[in-house]
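Chemist: Chain S is already provided as a structure; the job is to place chain V with the ligands on it using the hints.
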Amino acid sequence: MTQKKALVIGGGIAGMQASLDLADQGIKVYLVERNPSIGGNMAKLDKTFPTLDCAACIITPKLVDTGGHKNIELLTYSEVQNITGEAGAFKVKVLKKARFVDIDKCTGCAACTQVCVLKNKILDEHNEGMGKRGAAYIPFPQAVPLKATIDPEHCLFLTKGKCTMKCVEACGPGAIDHEQKPEEVTLAVGSIIVATGFKLEDPAKKPEYGYGVYDNVITSLQIERLLSPSGPTGGEVKRPSDGEHPKKVAFLQCVCSRDLNTNIYCSRYCCMQAIKEAILLKEHNPDVEVTIFYIDIRAFGKGYEELYNRAKDEFGVNFVKGRIAEIHEKDDKSLVTIGEDIVGGGVVESKVDLVVLSVGVAPVPLPEGIGIEIPVWRDNFYRAKNQYVDAVTTDIPGVFVAGCAESPKDIPDSVTQGSAAAMRASILLEEK
Amino acid sequence: MTEEELRVGVYVCHCGTNIAGVVDVDAVVEYAASLPNVVHATKNMYMCSLPAQSGIKEDIKKHSLNRVVVASCTPKMHEPTFRAAVQAGGLNPFLYEQANIREHCAWVHADQPERATEKAKDLVRMAVAKARLLSPLNPKKIAVIRSALVVGGGPAGLRSAADLASRGFEVSLIEKSHFLGGNAVRSASLPFTDQTPREAAAVLTDALEDEKNISVHTGYEAESLNGYLGNFTISLVKKPRFVKECSNCGRCIAVCPVETDNEFDYGLSMRKAIYMPYDSAYPNYPAIDMSVCKKCGECVNACAESAIDLEAEDEKLDLSVGAVVIATGAKNYTPKDGEFGWGKSDRVLSLPVLERVLDKTGPTKGRLKGKVENVVFIGCVGSRQKKTSEEEKVNEYCSRICCTESVKNAIHIKDRHPDAGVFYLFRDIRTYGRDEYLYREALEKGVVFIQFEGDVPPEVNVLKKGAKVVVSDVLSRESFEIPASHVVLATGFEPGADADKVLEVFKLNRSADGFFQEAHIKLRPLETSTEGVFIAGACQAPKNLVESIASGSAAAAKAAVPLSMGEVELDPAKAMVTEFCDGCAICIDPCLGKAITLVEYEKDGELKKTVEVNEALCKGCGVCMATCPKKGIDVRHFTLDQLQAMVDAALET
Ligand SMILES: Cc1cc2nc3c(=O)[nH]c(=O)nc-3n(C[C@H](O)[C@H](O)[C@H](O)COP(=O)(O)OP(=O)(O)OC[C@H]3O[C@@H](n4cnc5c(N)ncnc54)[C@H](O)[C@@H]3O)c2cc1C
Ligand SMILES: Cc1cc2nc3c(=O)[nH]c(=O)nc-3n(C[C@H](O)[C@H](O)[C@H](O)COP(=O)(O)OP(=O)(O)OC[C@H]3O[C@@H](n4cnc5c(N)ncnc54)[C@H](O)[C@@H]3O)c2cc1C
Ligand code: SF4
Numbered sequence: 001m002t003q004k005k006a007l008v009i010g011g012g013i014a015g016m017q018a019s020l021d022l023a024d025q026g027i028k029v030y031l032v033e034r035n036p037s038i039g040g041n042m043a044k045l046d047k048t049f050p051t052l053d054c055a056a057c058i059i060t061p062k063l064v065d066t067g068g069h070k071n072i073e074l075l076t077y078s079e080v081q082n083i084t085g086e087a088g089a090f091k092v093k094v095l096k097k098a099r100f101v102d103i104d105k106c107t108g109c110a111a112c113t114q115v116c117v118l119k120n121k122i123l124d125e126h127n128e129g130m131g132k133r134g135a136a137y138i139p140f141p142q143a144v145p146l147k148a149t150i151d152p153e154h155c156l157f158l159t160k161g162k163c164t165m166k167c168v169e170a171c172g173p174g175a176i177d178h179e180q181k182p183e184e185v186t187l188a189v190g191s192i193i194v195a196t197g198f199k200l201e202d203p204a205k206k207p208e209y210g211y212g213v214y215d216n217v218i219t220s221l222q223i224e225r226l227l228s229p230s231g232p233t234g235g236e237v238k239r240p241s242d243g244e245h246p247k248k249v250a251f252l253q254c255v256c257s258r259d260l261n262t263n264i265y266c267s268r269y270c271c272m273q274a275i276k277e278a279i280l281l282k283e284h285n286p287d288v289e290v291t292i293f294y295i296d297i298r299a300f301g302k303g304y305e306e307l308y309n310r311a312k313d314e315f316g317v318n319f320v321k322g323r324i325a326e327i328h329e330k331d332d333k334s335l336v337t338i339g340e341d342i343v344g345g346g347v348v349e350s351k352v353d354l355v356v357l358s359v360g361v362a363p364v365p366l367p368e369g370i371g372i373e374i375p376v377w378r379d380n381f382y383r384a385k386n387q388y389v390d391a392v393t394t395d396i397p398g399v400f401v402a403g404c405a406e407s408p409k410d411i412p413d414s415v416t417q418g419s420a421a422a423m424r425a426s427i428l429l430e431e432k
Numbered sequence: 001m002t003e004e005e006l007r008v009g010v011y012v013c014h015c016g017t018n019i020a021g022v023v024d025v026d027a028v029v030e031y032a033a034s035l036p037n038v039v040h041a042t043k044n045m046y047m048c049s050l051p052a053q054s055g056i057k058e059d060i061k062k063h064s065l066n067r068v069v070v071a072s073c074t075p076k077m078h079e080p081t082f083r084a085a086v087q088a089g090g091l092n093p094f095l096y097e098q099a100n101i102r103e104h105c106a107w108v109h110a111d112q113p114e115r116a117t118e119k120a121k122d123l124v125r126m127a128v129a130k131a132r133l134l135s136p137l138n139p140k141k142i143a144v145i146r147s148a149l150v151v152g153g154g155p156a157g158l159r160s161a162a163d164l165a166s167r168g169f170e171v172s173l174i175e176k177s178h179f180l181g182g183n184a185v186r187s188a189s190l191p192f193t194d195q196t197p198r199e200a201a202a203v204l205t206d207a208l209e210d211e212k213n214i215s216v217h218t219g220y221e222a223e224s225l226n227g228y229l230g231n232f233t234i235s236l237v238k239k240p241r242f243v244k245e246c247s248n249c250g251r252c253i254a255v256c257p258v259e260t261d262n263e264f265d266y267g268l269s270m271r272k273a274i275y276m277p278y279d280s281a282y283p284n285y286p287a288i289d290m291s292v293c294k295k296c297g298e299c300v301n302a303c304a305e306s307a308i309d310l311e312a313e314d315e316k317l318d319l320s321v322g323a324v325v326i327a328t329g330a331k332n333y334t335p336k337d338g339e340f341g342w343g344k345s346d347r348v349l350s351l352p353v354l355e356r357v358l359d360k361t362g363p364t365k366g367r368l369k370g371k372v373e374n375v376v377f378i379g380c381v382g383s384r385q386k387k388t389s390e391e392e393k394v395n396e397y398c399s400r401i402c403c404t405e406s407v408k409n410a411i412h413i414k415d416r417h418p419d420a421g422v423f424y425l426f427r428d429i430r431t432y433g434r435d436e437y438l439y440r441e442a443l444e445k446g447v448v449f450i451q452f453e454g455d456v457p458p459e460v461n462v463l464k465k466g467a468k469v470v471v472s473d474v475l476s477r478e479s480f481e482i483p484a485s486h487v488v489l490a491t492g493f494e495p496g497a498d499a500d501k502v503l504e505v506f507k508l509n510r511s512a513d514g515f516f517q518e519a520h521i522k523l524r525p526l527e528t529s530t531e532g533v534f535i536a537g538a539c540q541a542p543k544n545l546v547e548s549i550a551s552g553s554a555a556a557a558k559a560a561v562p563l564s565m566g567e568v569e570l571d572p573a574k575a576m577v578t579e580f581c582d583g584c585a586i587c588i589d590p591c592l593g594k595a596i597t598l599v600e601y602e603k604d605g606e607l608k609k610t611v612e613v614n615e616a617l618c619k620g621c622g623v624c625m626a627t628c629p630k631k632g633i634d635v636r637h638f639t640l641d642q643l644q645a646m647v648d649a650a651l652e653t
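Chains as they are written, first to last, in the working numbering: chain S, 1 to 432; chain V, 1 to 653.
If we strip away everything but chain S, and leave its shape as in the complex, we get (with noise of 0.2 Å):
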């Protein structure tokens, strides 16, 4: 008998997508997500094109929806391990790794985080290492479930055996469990889909543009976080070295991107993604210089060109076609791109406070060894079988992908791929 129900695997806005659409037909979904809260890279986001409305307040109801759905079961902080069996009637065996607290108990006061002794002292990767949190902590404000986590490499007490726990002591509920185990499920469900969607690429792989060496080369991702008034610097941009506010930034278009030592496709979003940086650090401060070094500047979705004509005629964001070649640091850590200019001539070498690098988007495949195997593209992106009448339903009869996990996409695309695989699987589960 095909089982009515399906899982989800990763809780990002294409997931979450997916499992409304379903649950909202009367489908019991599993939603599983292997950080502690659900909403993926756009919950990082401060600001979204075409429109700039805040990704907080779009992104919340969304969040709020899928937590509170009754058919929508979430399995945070939880992996997928093994998946047996056919289209209708798969097993899939998932691990709730131990948050260390009971959530049941515990009311999101965040009591714990304010108290652990490592507070301010781990690289938040929420804010993605431009902030720090405890070993106690709950990722963003609008976290979904709302409930704190301890981190088990972090933790004084997991790791070496002694900690004063106040944590333990803070906890009105007395949900803090440090002798908590993780645990297994078994599940049972007749579709899958996999929306694990993207990472950035490593950009220490273009060794040239010295991230990780220079404080203040940072990524597109790091930049939102600075520009959100929940980020870590309340919403002030400050450059890592010295928390000043930048005079002038340069945004490095296509890096490991259409390269052929690194990524061979374009990551789609990233010249919108610049473009909308820079519009908000005008938007912070007119008098900031912004530079977009870009190969092609890639607008084409609704609306797009219009925001790059806006970035262009209203916030005067320069804008030079050419790769910047290298980058040096200078004693005071201002930086110094060298590159070609393609349409004014010659190599041009400025001097910025700030360099953001638009770094490309990497898969986030599957672990191996969990009895599927999704063929993917020449990308290594998961495809559809055939994209042209079908574009999400995968080789693997009963699994379908959406959102990044298909390839990189905006939001708009990711949110449409995660309603098409919705309606693909939801037709399996009503079939028989």
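Think of the hints as simulated: they come from the structure by calculation, not from any bench. Some hints here could point you the wrong way.
Pairwise CB distance ranges (calculated) [what the hints assert, rightly or not]:
| id | chain 1 | residue 1 | chain 2 | residue 2 | range |
| --- | --- | --- | --- | --- | --- |
| 1 | S | Glu86 | V | Leu310 | 54 to 62 Å |
| 2 | S | Lys93 | V | Gln112 | 54 to 62 Å |
| 3 | S | Glu153 | V | Lys61 | 33 to 41 Å |
| 4 | V | Phe192 | S | Glu86 | 22 to 30 Å |
| 5 | S | Ala204 | V | Ser34 | 55 to 63 Å |
| 6 | S | Val376 | V | Asn213 | 34 to 42 Å |
| 7 | V | Asp498 | S | Arg323 | 40 to 48 Å |
| 8 | V | Ser529 | S | Glu349 | 46 to 54 Å |
| 9 | V | Asp419 | S | Glu326 | 35 to 43 Å |
| 10 | S | Val117 | V | Phe192 | 50 to 58 Å |
| 11 | V | Glu453 | S | Arg323 | 17 to 25 Å |
| 12 | S | Asp202 | V | Gln112 | 44 to 52 Å |
| 13 | V | Glu392 | S | Glu326 | 42 to 50 Å |
Backbone N, C-alpha and C fix where the C-beta goes; we use that ideal spot for every residue, glycine too.
Modeler: Just chain V with the ligands now, kept in the frame of chain S:
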């Protein structure tokens, strides 16, 4: 009934720095606390976060609140969120009011923080004044007809229809022309595959054939839509095909004496008055083009199946469905006369024409006319245009697929004519995502890419055979002259030819770029301002085939929600008739939803009149309330008393 004591809770949101960066949130909280009946006032960094919502829930119990006001963003965004929180606290969700101090204060008055703060206080005072008069409301549920209408038989519409049918719903697919497939089947090839667009379309039409619960209506257009989500009635008109389903033996076509341009091939081939646009077109039997038919009757005589009726007339059909998917596509930009040599020579082609030319089964068997020496593509024709004057209407947008399509065809031409020069004159190469591999392939195969600046477009001087193309190259800062044997204009897309009618019938809006407007560009790209009507494919914005297909499935998912649930909830903010109505009927005409009818009734032996409101049709817009001279009709949740209280509060100082 004893008046319960009013206990209002007010919550003011920082929205990060969105509000707090301009408005003095603490001052607003303090002010709110001083207002009559406000027993609790507080603030939060993000009111929409779960803890803040739980806070509302707990405060309702702790402070025995019976009204809640949140001062934050637009209610369009979070009214549902906060209503749910209020409900979770045990109150009726309509005992909630929102003051928009973000869009209406912080954003519009960013440069005047003090006055923005004062305005925020005013808005909070008004919201509290309304909150005092709110009453509990309970939404009605209405049944949904479990069938769908899909408008447009291109790839997006076909995908939507096939998905909804295989999900188990009755589906009617209407297509204006006599054949399915849309724009896609006119192109010759697809990137990265040997599969032709026609083969892809055939997979979809085969899927339709397999489904029992789908009816395909070609030649149909929608004339009107009535009703509401769950209960639409649609009137359709069919333009006759003049041919019934037959074995497509071809005898009629052979005998027809009338020849005319085959528009499917942009006039590159001829067809008869009775015709198939191409052999495998679906449905696979001919249609007659009455605009050229002479009614000589040759075909009727030749037909052994009596399938032809030259006197067939328009037919009408009414459908009742629960949801609608619009997938009426886009049209190709036609260059203006003389634009880059357009219309001056058969060696100046547009992209869609080139697709027909390169189709091996097409009118030229895949061959370009004449000797192929230098083929010059010119990018962004009809796209990325700049206004030269305020009034000028231009296509400012990028048409998204023309770069990839040009590069795809440049490769084909290079493959077939390795010795020919193939040039792409471009502004930016937008072979986004995976299509970058095509661009690489083109570079490797020797296609020459030359960039020009938008304000210095290439010049095309048409010659007897071919043209002289002059381009200012950005890279070398030199001007080149290319003797072109063929020029291909990479034409973009525009909203479909009859978009106006579709918009009017289905009550949709246009975006600034002219394409159909979605409810939210990022998170609700398939929904529209008409609940229950969804958009898919190129009618929303230019899209490639994969994206059109994805949005077809996605729109089907949206339609599947109400259809599978079988009922929908109505917003209770609807007009209601009061005891003061005397049936004067002034409100009936102005009502935008045609929701009001006049009724007669007997009271104390007397014949009286009043009006009745169809709540499913009523949009709660309040036009009736504004028209009525005697308070005979009122809109729930926006009653005259409530609005009066807000105005009074606004004028207080
Ligand atoms: C700097 C930057 C700025 C951007 N700005 C914009 C913008 O302004 N507008 C716009 O439209 N787009 C923008 N984008 C693109 C946008 O972020 C993506 O389109 C979107 O986030 C893709 O969503 P997704 O759900 O496919 O993937 P993701 O957001 O990556 O979500 C995938 C989820 O799956 C989880 N996951 C992965 N593997 C597993 C596993 N094995 N088991 C369980 N869970 C797993 C991940 O933890 C994650 O939560 C931007 C991107 C970046 C990097
Ligand atoms: C020349 C050309 C080449 C292309 N090449 C490629 C390519 O190489 N790769 C790729 O991925 N994509 C390509 N595309 C894009 C692809 O064809 C489109 O993405 C796709 O056709 C859009 O599908 P659609 O269903 O939204 O619209 P359409 O295909 O435009 O179909 C819309 C349908 O709706 C019908 N219709 C319109 N109005 C009404 C009405 N009022 N009532 C009923 N029916 C109506 C129309 O008759 C038509 O059949 C190409 C397009 C063109 C024009
Ligand atoms: S979107 Fe722009 S920056 Fe990103 S890879 Fe493509 S061309 Fe480069």
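Chemist: Which hints, by number, does the structure contradict?
Modeler: Going through the list in order, the structure violates no hint and respects every one.
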